[in-house]
Amino acid sequence: MDFSGRNIMSIQDFSRDELEHIFKIASDMEKFVKTGSDMLKNKILANLFFEPSTRTRLSFVSAMYRLGGKVLGFDDPKMSSRAKGETLVDTIRVIESYADAIVIRHTIEGSVTLAAEYSNVPIINAGSGTLGHPTQAMLDLFAILREKNTIDGLTVGILGDLKYGRTVKSLAYGLANYDVQLVFVAPEQLRMRRDVLEDLSEEGKSIREVSDLDEVISDLDVLYVTRIQEERFPDPSEYEKVKGYFRINRRTLKSAKDDLIVLHPLPRVGEISTDVDSTKHARYFKQSSYGLLVRMALLSLILS
Amino acid sequence: MDFSGRNIMSIQDFSRDELEHIFKIASDMEKFVKTGSDMLKNKILANLFFEPSTRTRLSFVSAMYRLGGKVLGFDDPKMSSRAKGETLVDTIRVIESYADAIVIRHTIEGSVTLAAEYSNVPIINAGSGTLGHPTQAMLDLFAILREKNTIDGLTVGILGDLKYGRTVKSLAYGLANYDVQLVFVAPEQLRMRRDVLEDLSEEGKSIREVSDLDEVISDLDVLYVTRIQEERFPDPSEYEKVKGYFRINRRTLKSAKDDLIVLHPLPRVGEISTDVDSTKHARYFKQSSYGLLVRMALLSLILS
Amino acid sequence: MDFSGRNIMSIQDFSRDELEHIFKIASDMEKFVKTGSDMLKNKILANLFFEPSTRTRLSFVSAMYRLGGKVLGFDDPKMSSRAKGETLVDTIRVIESYADAIVIRHTIEGSVTLAAEYSNVPIINAGSGTLGHPTQAMLDLFAILREKNTIDGLTVGILGDLKYGRTVKSLAYGLANYDVQLVFVAPEQLRMRRDVLEDLSEEGKSIREVSDLDEVISDLDVLYVTRIQEERFPDPSEYEKVKGYFRINRRTLKSAKDDLIVLHPLPRVGEISTDVDSTKHARYFKQSSYGLLVRMALLSLILS
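Chains as they are written, first to last, in our numbering: chain A, 1 to 304; chain B, 1001 to 1304; chain C, 2001 to 2304.
Hints are computed from structural coordinates only; laboratory data are not their basis. Quick caveat, the model's predicted, so the values are computed rather than measured. Some clues are possibly wrong.
[Said to hold, decoys possible] Below, simulated DSSO-like cross-link-like pairs (lysine-lysine); rule was C-alpha separation at most 30 Å, straight line:
no. : chain 1 : residue 1 : chain 2 : residue 2
1   : C       : Lys2031   : B       : Lys1041
2   : C       : Lys2041   : A       : Lys31
3   : B       : Lys1254   : B       : Lys1241
4   : A       : Lys31     : B       : Lys1241
5   : C       : Lys2241   : C       : Lys2041
[Stated by the list, open to error] Stretch by stretch, here's where chain B covers chain C in the computed footprint (C-beta under 8 Å, at least three residues):
no. : segment
6   : 2090 to 2104
7   : 2260 to 2269
8   : 2288 to 2296
[Claimed, not checked] With the C-beta cut set under 10 Å, the calculated list includes, among others, these residues of chain C facing chain B:
no. : residue
9   : Asp2028
10  : Phe2032
11  : Thr2035
12  : Gly2036
13  : Ser2037
14  : Lys2070
15  : Val2071
16  : Asp2075
17  : Asp2195
18  : Arg2227
19  : Tyr2239
20  : Phe2285
C-beta: ideal position from N, C-alpha, C; glycine also.
Next comes chain A alone, as it looks inside the complex (with noise of 0.2 Å):
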C-alpha cells in the first residue's frame, strides 16, 4: 500500500483497509516516541494554521522531531501574508518550495481542495470549515480500536454540536467503515445535518437520534463527547440556548457499562467534569496521546 506523495483531504477517501494500514504503522510508531527515530531526517513540514489550535499544530510538530523532521510555518494568519491580501494559492505556490508537505486548517470551506489542487507537495488537512478533520477522525477511531481492542460489534453514541462540529462529521464517516450502531445524541437544533445521515443511510449503517443521553447511556460502548463550539455559530442567541446543554459527570455515568469509554477531542470547556478523570471510563487524555502516534503514521507514509 503506497502513500507516498498522497494528500489527506477527507477521511471518506480512506478504505477499512488503508485505515488498517494506518493503524498498524502508528503502534508500530510507539517506540519511536522514547527513542526517536532519523527516518525524515532531512525533511521539512509546513504549517499552516490560518485558525488558532494548539493541540493539532503542535501534535504535528511532535510527530515530525519524533521522526528527526523539521517543521516551519505559522500560527497567527494576521502576522503573515495573508495581511497583505495574498491570497492562498499564492501562499501555497511559495511554501511548497519550502517544505516536502503542508498542513493546512483554514476556515473557508474548500480552501484545503483549492490548495491541494494546486501544490506540488502533499497536504494534509488540518481542519477546513465544517467540512471535515481526517487526521482527528482516524485518531479517534485508532483510540477506539486501541482501547476496545475491536470496533466492530460497537455502540458508539456521539454526543454534542452534531450540526457544526467538524469533528463528529468526520468521525461518523470513519465509522461507516466499521459494523457499528451509531448514536446521535443532540438537542433538537443541533442534530446531525441531513446529507450525513443520508450517506450513513445508504451505507447500511444502523442509527439512532435521541436528544437525551440517559435514555442510551446503559447501551454505550463509546460515549464521544464534543465541544459545544461558539465560534461555529451563525448566529450568538443559538449558541446561548445549548450551552451547557449537556455536561457529563460522574452521575450521567451512574448506569453506564463497566467498560464504556468516554472519548472527547479536546479542548473541553466544562462538558466534562473533572470529577470524571479519574474513572475508569476517562480516556481522552490518552485518545490526545494516541494521536501523536497517527500523524507520526501518516507522515511517515506520505514523507517516504
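Given the structure of chain A, go ahead and fit chains B and C onto it with the hints provided.
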C-alpha cells in the same frame, strides 16, 4: 572569496564578482533541497522580524533547515521584550549569545546598521525601512540569470511603486553591476527617487522613465512588477489615487517579446492578474524558489 | 547527584551543594556553545509562555538547540486553546505526550505548581506570578560566581522593585545559601516583602535596608539592578510615583569599588544608563550569556 562572518547590509556592498560567486554557490545548493545537508548542523540562526513577513522569514528558516541548521526568533514584536520597552541594541546584545547569525527586518531606517555595529555575530538585513532588501535583490538577479542565462544585454522594466518600495531600489543597484537598459514605469507620484537615479547615472546606466507600460512593453526582456504597498505611504489619500493604476494581464502582455519573463517579489494583491500565471512569461513563483537557493548560499558562506 | 526527571519549581528547593553541582555542569557546557552536542538529540522541550518573554524563552530554545534537542510550544496564549477556554491542567495533560519536559511562564500564582502536580514529565518554572523565577536566580548566582570567583564574603546590593519583582525574591533566597551581606535598596513603597525578610533572618543573613543608593554604593561588590515593572503594580498611580526613581549612571558609580560588578536581569528600560555599558562594572550582557549555560546544564541534568 571569504564571506565568513560578513554582514549582509546592502546590495551596494557587493561587487559583481562577489555576486557571481554567491550565484555559483546558490546553483550548487540545488541538490541539497532534496537530499538535505549537515553543513550547518550545529549552527543557530535568529530570525528577528519586527515587521510581519511570511515569505522572507520562512525562506530563511527553510534555507537553514536544508543545511541542517536551527532557527529561533520572533515574528511578532508585540509579544516580545520590545513590549517592555527594550532598545534594539540591547535585544541584539542578548540574542548574539543565543545564535550564530541574526536576520533582522525592521521598520526604522538605520536600525539594522545600528544592530550590525554592536553585534558580535553577522547580521543579515531582511528589509529595513525604505533602505533596502539585499537578499531580495540577489534572488531577483539570480532569477534573471537562471531564466535568461545572462543579465548583460537585457532590457529590464521595473514597474510599480518605485518611490516607497524597498525591493526596487535594491534591485536597481544590483542591476547596475551589469550592462542593462533600465526602464522605470510608474505614475508621476511614485517615480524612482532622484538620489537613486543620480547614483545609477554616475555608474553610466542608461535609464528611461515612462508612466505608460504600453509604450515600452515590446522592448522588454524582463518585466519586474512590484506591489503598491499601502503601509509605506505616509498619506492614505495618496495611496487611493494610485491603487490599481497598474494591472498586468494577458492583454497587457500581447505585444511583449516571446521570451519576456515577468517577475514579482510577492505577495501580489492584484498587480498581476491570475490569467498570467499559466502563460510562458510567468516566473514569479519560480523566482521565489530561487530565493531559497540564494539564502542557502549566503548562510553557508557566512556561517562556515 | 541525580536530577533526572526533577521539577525546577523554586530556588528554595535547591541546596548549596546542588547549586554548585549545577554551576559545575554549566561551566562544562561552555564548549558546546561553539561545537554543539547531540546529548539531547531525541528530546523535545515544550515552551509554554502564557506571558510574553523574549529572553527567557529564546534562552531555553538556544540551550536545547546547542545540545541537539528540539523545541515546540507557544508564546501567545491568545492564539492557543486557552482562547477556547481550556484549563492549564488539561493543556499540560495533552502537551506531556508531545514533549519530554515543559517550561512554563504564567501570570497566575500557583499555576506552575498545579501543572507539576499533574504532569508526567518534568516542569520548569520560568516565572510564575510574583512567586519566583528559579532559573534566573541560578544564572544570577552563576554570573556572580564566574565574575567574582566566589560568592561567600561579598556585599550584594539589590536595587529596584523589591516588592513586586519575582527575580529579586528568588535571588535573595539563592544568595541565602552563601555567606553574604545583603543590602536592599528601594523606595519605601517597594521594599522587600516582610515574609521574605523574616525567612532570610531565620537563615541568619545580615540584611540592611536603605532607600538611598549613595549611602551604600562604596560598600558593594555586586550591584543588582532590576526593572520597575509597570505590569506588576496593582495600581498604576503607584507606578507613576516610583517610575524613574532609580537611574544608575557613571556618576552614580563614581564612589563604587573598582571591582564592583553591575548586574540586571534585562530588559532594562532606563534603570541603567547606556553610558555604563562601556565601564568595567557592566556585566549584564555577559550575565545573560551565563543564563544560556545554566539552562543547558539544567536541561542536560533533567533530561538525561
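task = Would you settle whether the hint for phenylalanine 2285 (chain C) is holds or violated, based on the nearest Cβ-Cβ distance to chain B being less than 10 Å?
result = Cβ of phenylalanine 2285 (chain C) sits 5 Å from chain B, so the hint holds.
ask   = Does the segment 2260 to 2269 of chain C contain three or more residues whose Cβ lies closer than 8 Å to a Cβ of chain B?
value = Since 4 is at least three, the answer is holds.
Restraint outcome when phenylalanine 2032 (chain C) is required to lie within 10 Å of chain B by C-beta distance = Where the cut-off is 10 Å and the nearest Cβ of chain B is about 9 Å from phenylalanine 2032 (chain C), the hint holds.
inquiry  = Check whether the Cα positions of lysine 1254 (chain B) and lysine 1241 (chain B) lie no farther apart than 30 Å.
reply    = The given pair, whose Cα atoms are some 27 Å apart, holds under the 30 Å limit.
request  = Using 10 Å as the Cβ threshold, decide whether aspartate 2075 (chain C) counts as touching chain B.
outcome  = holds, 6 Å
key: Supplied contact hint for valine 2071 (chain C), tested at 10 Å Cβ to chain B   = For valine 2071 (chain C), the interface hint holds, since the closest Cβ of chain B sits about 8 Å away, which is under 10 Å.
ask   = Would the pair lysine 31 (chain A) and lysine 1241 (chain B) pass a check requiring their Cα atoms to be no farther apart than 30 Å?
value = violated, 62 Å
ask   = Measuring from the C-beta of serine 2037 (chain C) to each C-beta in chain B, is the shortest one below 10 Å?
value = holds, 8 Å
ask   = Does the CB of tyrosine 2239 (chain C) sit less than 10 Å away from some CB of chain B?
value = violated, 13 Å
ask   = How about threonine 2035 (chain C): closest beta carbon in chain B under 10 Å, or not?
value = holds, 6 Å
ask   = Are at least 3 residues of the segment 2090 to 2104 of chain C within less than 8 Å of chain B when you compare beta carbons?
value = violated (count 0)
query = Regarding the pair lysine 2031 (chain C) and lysine 1041 (chain B), is the alpha-carbon distance no greater than 30 Å?
reply = holds, 16 Å
When the structure is compared with the earlier hints, violations turn up for hints 4, 5, 6, 9, 17, 19 and for no others.
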